[in-house]
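**Student:** The residues making up each chain are set out below.
There are 4 protein chains.
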Amino acid sequence: MKRTKMSPEEQAKLIEDARVFLEERVMPLEARFGAEGFAGIEADLESLRGELRERGLWAPQMPKTLGGMELSFLDHARLSRELGKSPLGHYVFGCPAPDAGNMELLLEFGSEAQQKEFLEPLARGDVRSCFSMTEPDRAGSNPAWMETTARLEDGEWVINGRKWFTTSADGAGFAIVMAVTDPDASTYARASMILVSTDAPGFIHDRLIPVMGHTGSGWASHSEIVYDNCRVPEANLLGPRGGGFLLAQSRLGPGRIHHAMRWCGIAERAFDLMCKRAVEREVAPGRPLGTRQAVQHFIAECRAKIDAAILYVEHAARSIDERGASASRTEIACVKFFVADVLSEVLDRAIQVHGALGVTDDTPLAAFYRHERAAHIYDGADEVHKTAVARWILREYGLELNAQSK
Amino acid sequence: MKRTKMSPEEQAKLIEDARVFLEERVMPLEARFGAEGFAGIEADLESLRGELRERGLWAPQMPKTLGGMELSFLDHARLSRELGKSPLGHYVFGCPAPDAGNMELLLEFGSEAQQKEFLEPLARGDVRSCFSMTEPDRAGSNPAWMETTARLEDGEWVINGRKWFTTSADGAGFAIVMAVTDPDASTYARASMILVSTDAPGFIHDRLIPVMGHTGSGWASHSEIVYDNCRVPEANLLGPRGGGFLLAQSRLGPGRIHHAMRWCGIAERAFDLMCKRAVEREVAPGRPLGTRQAVQHFIAECRAKIDAAILYVEHAARSIDERGASASRTEIACVKFFVADVLSEVLDRAIQVHGALGVTDDTPLAAFYRHERAAHIYDGADEVHKTAVARWILREYGLELNAQSK
Amino acid sequence: MKRTKMSPEEQAKLIEDARVFLEERVMPLEARFGAEGFAGIEADLESLRGELRERGLWAPQMPKTLGGMELSFLDHARLSRELGKSPLGHYVFGCPAPDAGNMELLLEFGSEAQQKEFLEPLARGDVRSCFSMTEPDRAGSNPAWMETTARLEDGEWVINGRKWFTTSADGAGFAIVMAVTDPDASTYARASMILVSTDAPGFIHDRLIPVMGHTGSGWASHSEIVYDNCRVPEANLLGPRGGGFLLAQSRLGPGRIHHAMRWCGIAERAFDLMCKRAVEREVAPGRPLGTRQAVQHFIAECRAKIDAAILYVEHAARSIDERGASASRTEIACVKFFVADVLSEVLDRAIQVHGALGVTDDTPLAAFYRHERAAHIYDGADEVHKTAVARWILREYGLELNAQSK
Amino acid sequence: MKRTKMSPEEQAKLIEDARVFLEERVMPLEARFGAEGFAGIEADLESLRGELRERGLWAPQMPKTLGGMELSFLDHARLSRELGKSPLGHYVFGCPAPDAGNMELLLEFGSEAQQKEFLEPLARGDVRSCFSMTEPDRAGSNPAWMETTARLEDGEWVINGRKWFTTSADGAGFAIVMAVTDPDASTYARASMILVSTDAPGFIHDRLIPVMGHTGSGWASHSEIVYDNCRVPEANLLGPRGGGFLLAQSRLGPGRIHHAMRWCGIAERAFDLMCKRAVEREVAPGRPLGTRQAVQHFIAECRAKIDAAILYVEHAARSIDERGASASRTEIACVKFFVADVLSEVLDRAIQVHGALGVTDDTPLAAFYRHERAAHIYDGADEVHKTAVARWILREYGLELNAQSK
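Protein chains in written order, with the working numbering: chain D, 1 to 406; chain B, 1 to 406; chain X, 1 to 406; chain R, 1 to 406.
One or more of the hints may lead you astray.
[To be verified] Here are a few chain X residues that face chain B, going by a calculated C-beta distance under 7 Å:
no., residue
1, R292
2, Q293
3, A294
[To be verified] A few chain R residues that don't get close to chain D, going by computed Cβ distances all over 12 Å:
no., residue
4, T4
5, M6
6, E9
7, L14
8, A31
9, P63
10, F109
11, A139
12, L208
13, V279
14, E322
15, I393
[Unchecked claim] Under 10 Å between C-beta atoms, here's a sample of chain R residues computed to sit facing chain X:
no., residue
16, A294
17, S344
18, D348
19, A356
20, G358
21, D361
22, A367
23, H371
24, E383
25, K386
Hints in this document: simulated from the structure, not taken from any laboratory.
Ideal Cβ placement from N, Cα and C applies to all residues, glycine included.
Make the full structure from the sequences, and use the hints.
**Tutor:** This is the structure:
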């Protein structure tokens, strides 16, 4: 698929449309999202999604044939930054994790039948999906080391294992599961990806994992899943047999940039709230917080870091557009940990400027603070990315380090 | 009251008793505390409190005549570090905020009648209390600027105003309220403290403030309180009329050290969890996380910072014992922001070493992370303390800065 | 002057030419520069300068009519990053501070006669110049507060005062001096800029200021200058009378980006040295430093920060090209402190990876470390820029802060 | 040797005597030390040393029988902090590195004859000494890996090799050299220490290593030494044959605390200069730097960190007094990197508050900044200590890591 870059005017209009819709229609739901969870506002969200789908503001990264906007990576990055300002932004515009990554996998590796059965309803927003890779007893940073197995039996995959932190499994229509299909193959060729309908026999939703104080619900939740002789048709193998690790790399690579785009949006929202607070809150009559140099320096330092983060994300997005994700892996990995750091710092300082209000749920800051601590962890811990970056760089200097070298 | 310092042996025994009780009896309740809130385990806690009260492991900072242990500040610091390892530690040992600070106020400034009516049941643990100072529209860092008023009318104080972030008000027996009684007095002589029974007419519990995702309950909650022509007897004035600011200083000063003591305990707990995780979690077969230098350096840096924090807290505690809180104000303020920084860093790194598990509620780390973000805010934002410290230091160099100078 | 942006191919060739020249001809002089100072290698440098002037690799920011390359700001930024890899790079390519800024001032504000007398020989490299603004007893961050005066007398300016940190005054042909000409004017209209030949009567080179252990010499030195009834023709007034402050702003704005460009070059050099060291230095037989995760993370973090710094500098340069320096002031100020931080961190870590070798003068790192500590100070301390940035941002939120507000 | 702890009064008097002597007699020499080097003021220093020796303010860590003060580690720590305020402090009081460490080695391991020949004149200050361990091609962090050899031949050690960074070799009377005497022994039993007079045949002072811009001279210099069939009597073996590694550990352990003590003194000096500057330097008429919140926060943060550093050093010193250096190794290693960080931060901020003056040699800050960058490197890079600390801690959690594990 050849994605055309938007003209600056088209892009500006898109961003503005998104901004208006978010501020007028989506952000007003945030307080209820916090109080009632996803389940409490699901109906409202579906109605907004329908509206956006009709306006063509839908699934920005999907091809037009699937109802999407077919944006380039860079254009998507810019839109995504806008959407990220609300925790609901990506969901209502049809590009939330983990659906977005799953759509990309299905688009690139799905058979025609798979695309018809799984991708089309997903791209339309008729079902939700989840991605079942991490296991409770195996470090997520080592995807070559996995206990869940799938064996072929009578034309079906029989899957056994326990998966952890399967985001959005609650209420999802299907999961993409990673399982060892070829235990005797070489390290990176053991696992495969398999499409599993959540009503397949043996798919057991074991529990919602309480995260940062909440079990959540629906799209905004994380589950532990047991596969107990779970059976699905042989044709549900996604991509080549033994290709699980490769598909995971392919899914996670750009996925990290998707997150970083979103984080920039969160950081902008927090920055905006911080500035408003600095202007409105008086520490003495006629003396707003913004007169304090400590607050001023928070603002300046955050502005500089957010700018740098945005430029870095766009640079990586442009690189993916022009050179592909694989050639951009150093940039992608660097962006991942660099922007996660910026996000954490900006959120922390925005909360500080809000004082006690900052830790209440009367602003979205506290929820961002809780949920985005995981930015340093999901899709590969920062430390793992740093080690990988160094390995790639030092290779150019003639030092070959294997993946397990410390 | 002359407090005797314990011998090293007495102290070691006390710490050990506390450690065992916490590990065996209190920590097992933590998971339910997270899931059910304070209300869900209140009965269990009361039973533990009764047991400790009988064993004389109760109210370490209170005089023996009130059933306490009469510990010196330094001995209390050491015990408090142990208690801090559980979020329930101080509560079950009879010295939780805000009760602890309120007891100290009543002990120092309460009339005989006030001590009988308010202090004795509080010290026994028969009632809980709250402290009502911060207001929603006034910066907490400027306690001289306040809207709540109290006027004398027919031998009663008539209180009007709105107080915010009144911790533990839900279910409390009484509040200590700060209100302007003398609007025409000089800045720091306008307000007074008044004891208000929560069943006084006009005491309105307006709402539980949702904090970091939860409204909480009972002792573990924060409320917004409205005083709507709330009437209490004239004799409920605590300390001298116009002395509210002074009493607040007196209450908050050592209170900051109480918090810092507790933070050291939290940091030790997090450190212990981090080390255990480093040993147990394998990133590859036979290769635990602790073999990674990044994890090793987290551990070493945290150890050094926790040690320094503990030494600093004990230094300030010793200074309070020997020179009084007022002469120790620079140390107290420095300890406040220094230890808050250490706590945040240690929690952050302990979570990182736990990976996704660190953001779940399967360990206490996520709850500590959420709730102790406020360590940088309550009892005076870090920035306010830093400015005060500089003012005191620069005064010795001949530069007089008034409190509002930036 | 309309500056044409280079094609990517032209630019790549220019960078490559510069790289080769620097590595083959300039870097070999660095060790002698360290040991003998500027005076010791001045003749060699002049010969290199002549060669580059002939090849047209000269004065990248000057118009072609003056022998320069007429590069856009962005193209200059990219070249400058290459030149910055050697402390001698900008000097040999005809664009060192303070000459570069002085040329820009003369180009924009100089009369025809002034350009003939001062700019042309400067642009050719026949003379060097200096800029005399900061005073020993006045904070450099407050250029409206200055003691040096100039009064008109018999068609001559008579200048009196003492200037500090006048970089490159030793051996310079002329100075641009900032002095109060109109003491009764409004704050920002008191001072003017005046061109002063260093052999004018009353121009007294008082001392070379020892900086970081060295007094230096020639271009690589800083002087204290006394103006003792120093007399120059009335026509030496540069720009409008009372326009000194405005000219200073105009000179310093883009000047900060010039520095930041150069810092990126230094950071790249340090990064390269760090990586080489990580590959070459063994901590045990067959185990180079690069196998250590701590070193790997230094490398990854530095790579990310340098990338972000480069993108930010280029973004600001592009903004200056497209919108002018004044409209880009927030970006310029942010870039200044952001890149200074990156530079300090990269240098620090590169030294650390070198161990004891890093603090010796056997690599250029120690000299960079010493001299670029000032990056946080010259052209406005970081704190001053942060305060300014916050002021501009908060103005958009409706808060007007005057320059002196803290 | 049983060292008696001083009474608080004795200690206060000692500190005060040292303070006065330093301020009145030693600090006035600092400017000349900077401009002329050690050689330029050596005569003045010798005269001061003689005076202090006569007053009994000499060699605080040496036994009284050798003319020292026989201070406990803790008392020495407190004195050392005072001495550290001047870069000349330890030298004039008879306890500079590397002499101090060498005296301790000779005191503990020297034979009677060795003590007579080497220790007595060293303790009296009649000669200086150096310590020759690090090699140019071998990582200092791996002292088990060394190329210099010593073989016994005709009752003499014949030493061959090249040593790097031999501090104070210029003008020293003797060196303690570490060389491989038993190449076939187990890793940590190969090397021995040998006393080598600098006029021994084959002791070649190859060059002064330029460090941070200076080659230095005498005590204040670092040399590269070649041992070219250098011959010394067999009796010059210090301690047991093969005991070199053990002696080095024994020398470096407490040596790290000696450095940390001194760093606290430097930090106090920088803090004092920063505060004075904050009071004296006006940024506008009547508005000293200390009115700026950014400066205030620098001051407060530095105060807290210096306090914590001092407490930590004293804690480790007390631990050495009470439990010995070996049992205190975790504390010693933590103190090393913790205090080095504090020192770097305090120096950096003190310079920043001084603006351009801070990078000149008009204050001692720039020299401290240059020379103490090595605090993170000498006596073991910070990273090496962090790894060691983690290893010791994780061992208590049941994880055994060998020294080379990363």
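**Student:** Look at each hint and say if it fits the structure.
**Tutor:** Hint check results:
Satisfaction of the interface hint for R292 of chain X is found here, the shortest Cβ-Cβ separation to chain B being roughly 6 Å, below the 7 Å cut-off. Annotation: Q293 of chain X was flagged as interfacial toward chain B, and the flag holds, the nearest CB pair being 4 Å apart, inside 7 Å. Hint status for A294 of chain X relative to chain B: holds, with the closest Cβ pair at about 5 Å, below 7 Å. With a cut of 12 Å on Cβ distances, T4 of chain R stays outside the contact zone with chain D, its closest approach being about 48 Å.
The non-interface label for M6 of chain R is consistent with chain D: the shortest C-beta to C-beta separation is roughly 42 Å, beyond 12 Å. Separation of E9 of chain R from chain D is adequate, the least Cβ-Cβ distance of about 42 Å exceeding the 12 Å criterion. Its beta-carbon lying about 41 Å from the closest one in chain D, L14 of chain R satisfies the requirement of being farther than 12 Å from that chain. Listed as outside the interface, A31 of chain R is consistent with that label: its C-beta sits roughly 34 Å from the nearest C-beta of chain D, beyond the 12 Å cut-off.
No Cβ of chain D approaches the Cβ of P63 of chain R within 12 Å, the least distance being about 46 Å, so the stated non-interface status holds. The claim that F109 of chain R is not at the interface with chain D holds, since no C-beta of that chain comes within 12 Å of its own (minimum 37 Å). No beta-carbon of chain D is positioned within 12 Å of the beta-carbon of A139 of chain R; the least distance is around 16 Å. Listed as outside the interface, L208 of chain R is consistent with that label: its C-beta sits roughly 32 Å from the nearest C-beta of chain D, beyond the 12 Å cut-off.
Chain D leaves V279 of chain R outside its interface by the beta-carbon criterion, the shortest separation being 18 Å against a cut-off of 12 Å. At the 12 Å boundary, the C-beta of E322 of chain R stays outside the reach of chain D, the nearest C-beta of that chain being 36 Å off. In this structure I393 of chain R is separated from chain D by more than 12 Å, as the shortest Cβ-Cβ distance comes to about 18 Å. At about 5 Å, the closest approach between the beta carbon of A294 of chain R and any beta carbon in chain X falls short of 10 Å, and the interface hint on this residue holds.
Interface restraint check for S344 of chain R: the shortest CB-CB distance to chain X comes to about 8 Å, inside 10 Å, so the restraint holds. The interface hint given for D348 of chain R holds, since its Cβ lies 8 Å from the closest Cβ of chain X, which is under the 10 Å cut-off. Contact between A356 of chain R and chain X, as hinted, is supported at the beta carbon level, the nearest pair being about 5 Å apart and thus within 10 Å. The closest approach between the C-beta of G358 of chain R and any C-beta of chain X is roughly 7 Å, which is under the 10 Å cut-off, so the hint is satisfied.
Because the beta carbon of D361 of chain R sits about 4 Å from the nearest beta carbon in chain X, less than 10 Å, this interface hint is met. Among the interface hints, the one on A367 of chain R holds; its C-beta lies about 7 Å from the nearest C-beta in chain X, closer than the 10 Å criterion. The closest approach between the C-beta of H371 of chain R and any C-beta of chain X is roughly 8 Å, which is under the 10 Å cut-off, so the hint is satisfied. Evaluation of the E383 of chain R hint against chain X yields a held restraint, the C-beta minimum of about 5 Å falling below 10 Å.
Residue-level restraint check for K386 of chain R holds (minimum Cβ-Cβ distance to chain X is 8 Å; threshold 10 Å).
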